[in-house]
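Go ahead and model the full structure; you've got the sequences and the hints to work with.
Number of protein chains: 2
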Amino acid sequence: MISKKMQAMLSKGSAIRAMFEEGKRLSALYGAENVYDFSLGNPNTPTPEKVKEAIIEVLEGDSVSIHGYMLNAGYPEVRQAVAENINKRYGANLSYENVVMTVGAAGGLNVTLKVLLDEGDEVIIIAPYFGEYLRYIDNFGGKAVIVPPNPPTFLPNITAFENAITSRTKAVIINTPNNPTGVVYDDETLKAMAEVLERKEKEYGNAIYLISDEPYREIIFEDAVHCYIPHYYKNTIVGYSYSKSLSLPGERIGYLIIPSCLDSFADFIKASGDATRTLGFVNAPSLMQKVVALCLDEKTNVDFYAKNRHDIYTALTKMGYQCTKPQGAFYIWCKALEDDDKAFCERAKQFNILVVPGTSFGCKGWFRLAYCVSNQTIQNSLPAFQKLIDSYKN
Amino acid sequence: MISKKMQAMLSKGSAIRAMFEEGKRLSALYGAENVYDFSLGNPNTPTPEKVKEAIIEVLEGDSVSIHGYMLNAGYPEVRQAVAENINKRYGANLSYENVVMTVGAAGGLNVTLKVLLDEGDEVIIIAPYFGEYLRYIDNFGGKAVIVPPNPPTFLPNITAFENAITSRTKAVIINTPNNPTGVVYDDETLKAMAEVLERKEKEYGNAIYLISDEPYREIIFEDAVHCYIPHYYKNTIVGYSYSKSLSLPGERIGYLIIPSCLDSFADFIKASGDATRTLGFVNAPSLMQKVVALCLDEKTNVDFYAKNRHDIYTALTKMGYQCTKPQGAFYIWCKALEDDDKAFCERAKQFNILVVPGTSFGCKGWFRLAYCVSNQTIQNSLPAFQKLIDSYKN
Chain A
1 MISKKMQAML SKGSAIRAMF EEGKRLSALY GAENVYDFSL GNPNTPTPEK VKEAIIEVLE
61 GDSVSIHGYM LNAGYPEVRQ AVAENINKRY GANLSYENVV MTVGAAGGLN VTLKVLLDEG
121 DEVIIIAPYF GEYLRYIDNF GGKAVIVPPN PPTFLPNITA FENAITSRTK AVIINTPNNP
181 TGVVYDDETL KAMAEVLERK EKEYGNAIYL ISDEPYREII FEDAVHCYIP HYYKNTIVGY
241 SYSKSLSLPG ERIGYLIIPS CLDSFADFIK ASGDATRTLG FVNAPSLMQK VVALCLDEKT
301 NVDFYAKNRH DIYTALTKMG YQCTKPQGAF YIWCKALEDD DKAFCERAKQ FNILVVPGTS
361 FGCKGWFRLA YCVSNQTIQN SLPAFQKLID SYKN
Chain B
395 MISKKMQAML SKGSAIRAMF EEGKRLSALY GAENVYDFSL GNPNTPTPEK VKEAIIEVLE
455 GDSVSIHGYM LNAGYPEVRQ AVAENINKRY GANLSYENVV MTVGAAGGLN VTLKVLLDEG
515 DEVIIIAPYF GEYLRYIDNF GGKAVIVPPN PPTFLPNITA FENAITSRTK AVIINTPNNP
575 TGVVYDDETL KAMAEVLERK EKEYGNAIYL ISDEPYREII FEDAVHCYIP HYYKNTIVGY
635 SYSKSLSLPG ERIGYLIIPS CLDSFADFIK ASGDATRTLG FVNAPSLMQK VVALCLDEKT
695 NVDFYAKNRH DIYTALTKMG YQCTKPQGAF YIWCKALEDD DKAFCERAKQ FNILVVPGTS
755 FGCKGWFRLA YCVSNQTIQN SLPAFQKLID SYKN
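As you go down the protein sequences, you meet chains A and B in turn. Going by this note's numbering, the residue at position 88 of the first sequence is 88; the numbering climbs one at a time, nothing skipped. Heads up: take any position in the second sequence, counting from 1, add 394, and you land on this note's numbering.
In case anyone wonders, no lab produced these hints; they're calculated from the structure. Small disclaimer: the values here were computed from a predicted structure and weren't measured. Certain hints may be false.
[What the hints assert, rightly or not] Among the chain B residues that face chain A by a calculated CB cut under 8 Å, a handful are:
#1 N436
#2 S457
#3 Y484
#4 V509
#5 L681
[As the list claims (entries may be wrong)] Pairwise CB distance ranges, derived in the manner of DEER restraints:
#6 Y786/B - Q7/A: 36 to 46 Å
#7 D263/A - G514/B: 26 to 36 Å
#8 G31/A - K444/B: 33 to 43 Å
Where a beta carbon is used, it is the ideal one built from N, C-alpha and C, also for glycine.
Structure below.
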C-alpha cells in the first residue's frame, strides 16, 4: 500500500546503508573489534575541540534567537561569514546573498535539483558516482545521463562527457575530491570541461548548470590542490557540507554557493529559499549554523586520514590488490578480485570485511573502501584482507 | 532558466514568509517595537532551561557518537525513549521500531508523502489548512483534494469529508490543535472521521492513511484535550515536532509515529528510512536527537500563550472583531473586515500590523494572527487594531 515507486526503490535499496546495517549486525555477533567495516563515510576522527567550545559559547545567547526560525536561507550573519571565508581562501567575491545554508550537502543538492528540474530534464553524472545522485535526480523527475568510467585515472573522459550533453541537459554533477575514487579534478580537466560546457550552452542556447558537490574539499593529500570551480565556469553552484571537515555528518549542516554571475541568479536565489522550505528542511539547523560560523578556520585531522590512506594503500597493493591511489576524500577504490563485484563483496563479508561493490557507483568490477575508520581497524583488518586475496588463489 | 514548475511556484510564494520578510523590513524602518508582526509561528517564549543543560550534558560524551551518522531513522535509544514517553502519556504500545526521528514535522510529512504517493494519488486536506500542505503534496505528484471550510466551529463537516474521498484517496492530513484556527478536534469528530475512513477503505479495498500533523499537541487551553489519534483509527501516522513544545523551531527536530498495526507496516518503515535518506535529510540532527530524549517531560510555557490568547482575544472581540476562540496552538482566526482578506491584510500593514490572509489557508474572508509574540507586542498593537477597525467605520 506504499507507493509503487517506493516499492520499486526498496527492492534496490542502498548497498552502502545495507552494509552499514550488516556491520552493526556482525559487530553484535563477533564483537566490534573483529568486524572491519569500511562501508560508510562516517568520520572516525573527533570533531575539533573548538566545535564544542563554540556550541557552549553560542548557548550563552538568547535561546529564542539561537533556536528560532530565521530566513529559510539561513542567518544573514552566518552566510556573510561563510562568504568572507570563501573570499579569503579562493579570491572569490561573495556576500551573504550568494550563500544558502542547507541541511548538509545532500539537502543542498536536493534543493538545487528542485530549483532546476522539470520532468524529463537531463542531469549528467560521471561514473563511478555517489549512488544517491540517481535518487536525488529522480526525486524531481529528472533523467540521469551517465558518462562511463574512465580507468585508470577515473578523471572524466572529455569526449564521452561532451557526447552525453543534449538539448535537454540542465545540469552536470561533479564531485571532487571524489567519492568513491578519491580522485581530485585537476586544472586541466576543469578547463576542458568548462570549454565543452560553454560551447554546448551556445550550441543549444540553454544554461547548463555545473553542480560541484564538495564535502571532501579539505581532505586532500600531498601536492593535490582543490580548485574553486566557479573560477572555471560561470554557471557553477557549489554544494558543501561540514560533515567531513568538522566531523559533523549527523548534524546535517552545509551550504550552497550561488555566484551572482549565474544565469537567472535572482530567480535561483528566491527559488532555493522556497525549495528549502517546501521540501521540509525549512532551514539548516539553527544552533549549528551559528557554530560553524565560529569554526570556519577549523580543520579536521587530515593527518589521521593521511596515515590511514598510507597504511591501507601500502598494505593492499603489497598483497596484490590493484588500487587507485587516492588524492583526496577518505575512500580507496580497488579492483574486485572477480568480475562480479557483488559476489566479491559477499565473499569479503565471510572474512568480516565490509566494503561496497562498484556496481553501487555505476562501475562494475571494482569496490570502495571507506578508510575513515580508526587506524586500529585498518591494522586489525589486514590479515583478513590477506586471507581474502589468498582465497582467490586456491 | 530555473524550472518552469518553480517559476510558477515563485509567482505564488508563501504569504506567511513574505509577511515575515516584510516585518523585518518594516522593523528596520520604524523600529521593532512599532511593528506588530503576527505573521509567523516563531515561538517567542524561551526554550526550557533543561534544553541547555541537556546539550551540555550530551556534549560530555564522545564527539564521534554525538555528531556522527546513525541509522537513517535515528538513534534506537532515542526512538525507544520517545516511544516509552508516548506509551506513558497515551497508553500506546510503541517501541523504537515505531518511531522515525525527522527534520521537524515538515520533514516528517514530506517523508510520509514520499512513501505513500504515486503520481495522481489524492490527499485530502481540510480548509482552512496550513498552506504548505499543498506544496508537500505536489512535491510527490499528489493531488490535493480540499474539504471546504465549515464555520463557525471550523471542525470538518463530516458529509463534506466523506464526499471528498474517492478510489484514488491515499491519505488525509489533519492538524489538531489546528493552524490556523486554534481548533482542537474532539472525540466525537475523530470517531466520525474514523467511521467514514473505515467504511471507505472497505468500499474501495484500499488503505487510506490518516496523517496527523501535531506540532501544537502540548499547547492546549482550559478543558480541551488532545486525543491520541491512533486510538481512533488504525492506519494513522502521527507527525510531531519539538518546534513549539520546546521552542526549537530552527533546530528541525521531530518524529513520526508509525504504529505496528498500520497496513504494510514493514514496507512503510523501510521506505521511511529510505525516503529520509534520499530526500536529503539523511537523518534528524544528531545532537538534538539526544537532547530531546533528555527533555521528554519538559513543557513549554503554556501560561505564556494562555495569557497572550486571553489578552488578544478579549481585546479584539471587545473592539468588534469576530474571532474564533482558540482551544489550542497559538493562532487566533478572525473574520476580515472586508470580503477581500488580502486587501484587508494590506490595509492592516498601513497600521504596521502584519497578519496573514485566510486565502493562504484556503479560506477567503478571514485572517490568521500568530500570538506567539511577546505580550508587550500584543499590548503595543492594540491601539493599531483599534485604528484599523475604525478605518472601516469611516
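Checked against the structure, which of the hints given earlier come out wrong? 3 and 6
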